[in-house]
Amino acid sequence: MAYHWNFSFLFFHYKALLYGCIVMLSLTFLVILLGTALGIILAIMKISPLRPLSLTSSVFIEIFRDLPVVVLLIWFFYFLPLYFNRMVSPFVVSVIALSLYLGAFSAEIFRAGFVSIHKGQIEAAHVLKLSSVQTFWHIIVPLSLKVILPPLAGRYIDTIKTTSLASFITVNELFFQGQNIISQTYRPLEVYTVIGVLYLIIILPLSLLLQRWEHARNKATL
Amino acid sequence: MLEIKQLCKTFGNNTVLKNVNFAVEEGEVAVLLGPSGSGKTTLLRCIAGIEKHDSGNLIFKERSIGLVFQEHYLWDHLRVLDNIMLAPQLVQKREKSEVYRDTLDILLKVRLQDKINHYPHQLSSGQKQRVALARALIMQPKLLLLDEITSSLDPQMIGEVLAIVSNLAQEGMTMLIITHNLSFAQKIGTSFAYMEGGMIIERDGKELFLHPRDERTQRFLAEKIEPG
Ligand SMILES: Nc1ncnc2c1ncn2[C@@H]1O[C@H](COP(=O)(O)OP(=O)(O)O)[C@@H](O)[C@H]1O
Ligand SMILES: [Mg+2]
Numbered sequence: 001m002a003y004h005w006n007f008s009f010l011f012f013h014y015k016a017l018l019y020g021c022i023v024m025l026s027l028t029f030l031v032i033l034l035g036t037a038l039g040i041i042l043a044i045m046k047i048s049p050l051r052p053l054s055l056t057s058s059v060f061i062e063i064f065r066d067l068p069v070v071v072l073l074i075w076f077f078y079f080l081p082l083y084f085n086r087m088v089s090p091f092v093v094s095v096i097a098l099s100l101y102l103g104a105f106s107a108e109i110f111r112a113g114f115v116s117i118h119k120g121q122i123e124a125a126h127v128l129k130l131s132s133v134q135t136f137w138h139i140i141v142p143l144s145l146k147v148i149l150p151p152l153a154g155r156y157i158d159t160i161k162t163t164s165l166a167s168f169i170t171v172n173e174l175f176f177q178g179q180n181i182i183s184q185t186y187r188p189l190e191v192y193t194v195i196g197v198l199y200l201i202i203i204l205p206l207s208l209l210l211q212r213w214e215h216a217r218n219k220a221t222l
Numbered sequence: 223m224l225e226i227k228q229l230c231k232t233f234g235n236n237t238v239l240k241n242v243n244f245a246v247e248e249g250e251v252a253v254l255l256g257p258s259g260s261g262k263t264t265l266l267r268c269i270a271g272i273e274k275h276d277s278g279n280l281i282f283k284e285r286s287i288g289l290v291f292q293e294h295y296l297w298d299h300l301r302v303l304d305n306i307m308l309a310p311q312l313v314q315k316r317e318k319s320e321v322y323r324d325t326l327d328i329l330l331k332v333r334l335q336d337k338i339n340h341y342p343h344q345l346s347s348g349q350k351q352r353v354a355l356a357r358a359l360i361m362q363p364k365l366l367l368l369d370e371i372t373s374s375l376d377p378q379m380i381g382e383v384l385a386i387v388s389n390l391a392q393e394g395m396t397m398l399i400i401t402h403n404l405s406f407a408q409k410i411g412t413s414f415a416y417m418e419g420g421m422i423i424e425r426d427g428k429e430l431f432l433h434p435r436d437e438r439t440q441r442f443l444a445e446k447i448e449p450g
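Chains as they are written, first to last, in our numbering: chain A, 1 to 222; chain B, 223 to 450.
Okay, chain A solo, but in the shape it has when bound:
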């Protein structure tokens, strides 16, 4: 390979990259927070015996699961300012679009977790007069965690990756910062290499942590 790798110029851009990391992480954090809350609500609606609730939830989940993320982002990018009749920052647009996306996917994960619990364990709580909220937090959530957590953590890691698509609507997260640097330096290979490494630095520990945790948990309940 005749290519002459040169990373030294990136030292002049470390602030931009760092800033990109911070934006990416805050975007991820907010999306996970809101998307998870939405997912739980959608899952509860979906298993509710009230037909209008479960139907609304199903339709919602289907739509947001089927659309490509980029389409969602761009659509909301144009729609939200129109709807609110004012500027909406691209960051806020991405938080909303990505949360809806994560919400739809995690709803299915939560639903599967909740229905995996034996009805008798919930009835036992009912007989002992635990309130629905107490039953939810003390019984349903911890019992279903074993089923929920592995795919949910996978989704969370995926969310980190998906934030890079926010660059399409000019959110200056890591990927966007990288493109900026490239437009100044014309060295895409080095820039993308470093960006790749930065993603790995963030995601790899999480991924390993998840694997260890799953392993420990499987051993504990066998």
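Think of the hints as simulated: they come from the structure by calculation, not from any bench.
Please read all numbers here as calculations on a predicted model, not as lab measurements.
Don't be surprised by glycine CBs; every beta carbon is placed ideally from N, CA and C.
Mixed in with the good hints there might be a few duds.
Below 30 Å or equal to it, Euclidean Cα-Cα: the simulated DSBU-like pairs (lysine-lysine) are [to be verified]:
1) A/146 - B/315
2) B/240 - B/227
3) B/428 - B/318
4) A/119 - B/283
5) B/283 - B/428
6) A/161 - A/146
7) B/331 - A/129
8) A/119 - B/318
9) B/364 - B/409
10) A/129 - B/364
11) B/240 - A/146
12) B/240 - A/119
13) B/315 - B/240
14) A/129 - B/428
Pair by pair, the computed Cβ-Cβ distance ranges are [stated by the list, open to error]:
15) B/374 - A/29: 41 to 51 Å
16) B/419 - A/217: 42 to 52 Å
17) B/248 - A/115: 34 to 44 Å
With chain A's structure known, arrange chain B with the ligands on it following the hints.
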């Protein structure tokens, strides 16, 4: 203590309870007999409030009812200790240290004091069912409902669970018990009811075994006592 009047319950178009009248007095150990599908479980579930009855009255002045099911339904993620301690702390808002002391007492009663830190999956079926009993007892129920609590146990574990129920009866616990174990029923029961087709066919003391009046009761007992 518990009074049931004209209780009806229908699932779809299947009428499971037909005008059930029933009562349990304080200190009584009432045994409910009947073939499977006769509505015994449904009646207990209505009393415990997990099933809503369609019509009739269910009068229970004391608020606390304990129910142990055929399956133990322990919460897998909690140790024995926490399975028992959860409800009194959350529901009765009792002091943790006080609940802990009571839990130790009750574990002694069900002879599981050495299993306090075990998870349900580390226990035998009989031990799990005894934890389920402890979980009900910690709430100091005025009425304890037991629905075939030994039916899904390995035979060698049945005795240890029944021994605890006998002790409870001796201590004066008011109970309503569904069981297919007639010798056990006769040993601890103070009143007996025979149920079939969603109706209480007849109700009596120990007489029910000696001189059942209704021919459906006679047939049921004859089959049970002389199998084959
Ligand atoms: N949740 C339910 N939905 C529909 N039918 C039920 C339900 N629970 C019980 N049944 C019906 O009610 C009848 C009585 O059941 P059950 O009370 O369990 O009787 P038993 O405990 O005497 O065997 C049965 O025919 C059963 O199929
Ligand atoms: Mg039954």
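Okay, the hints, checked on the actual structure:
With a C-alpha separation of about 29 Å, the suggested pairing of residue 146 of chain A with residue 315 of chain B holds against the 30 Å cut-off. Pair hint residue 240 of chain B plus residue 227 of chain B holds up; C-alpha atoms about 11 Å apart against a cutoff of 30 Å. The hinted pair formed by residue 428 of chain B and residue 318 of chain B fails the criterion: a straight-line CA distance of about 43 Å is larger than 30 Å. Taking the CA atoms of residue 119 of chain A and residue 283 of chain B, the gap is about 28 Å. The hint holds against a cut of 30 Å.
Only pairs whose Cα atoms come within 30 Å are accepted, and residue 283 of chain B paired with residue 428 of chain B is accepted, the gap being roughly 27 Å. The straight-line distance between the Cα atoms of residue 161 of chain A and residue 146 of chain A is roughly 24 Å, inside the 30 Å bound, and the hint therefore holds. Only pairs whose Cα atoms come within 30 Å are accepted, and residue 331 of chain B paired with residue 129 of chain A is accepted, the gap being roughly 23 Å. Pair hint residue 119 of chain A plus residue 318 of chain B holds up; C-alpha atoms about 28 Å apart against a cutoff of 30 Å.
Between residue 364 of chain B and residue 409 of chain B the alpha-carbon distance is near 21 Å, which keeps this suggested pair within the 30 Å criterion. A distance of roughly 14 Å separates the Cα atoms of residue 129 of chain A and residue 364 of chain B; the hinted pair therefore holds under the 30 Å criterion. Between residue 240 of chain B and residue 146 of chain A the alpha-carbon distance is near 43 Å, which puts this suggested pair outside the 30 Å criterion. Distance hint between residue 240 of chain B and residue 119 of chain A is fulfilled; the C-alpha atoms sit about 26 Å from each other, no more than 30 Å.
Distance restraint check for residue 315 of chain B and residue 240 of chain B: the Cα-Cα separation of roughly 39 Å exceeds the 30 Å cut-off, and the hinted pair is therefore not satisfied. Distance check on the hinted pair: residue 129 of chain A and residue 428 of chain B sit about 34 Å apart at the alpha-carbon level, beyond 30 Å; violated. Residue 374 of chain B and residue 29 of chain A have their C-beta atoms about 47 Å apart, which keeps the hinted 41 to 51 Å range intact. Checked against the hint of 42 to 52 Å, the C-beta distance between residue 419 of chain B and residue 217 of chain A comes to roughly 48 Å, which is consistent with it.
Range check, residue 248 of chain B to residue 115 of chain A: about 41 Å between beta-carbon atoms, so the 34 to 44 Å window is met.
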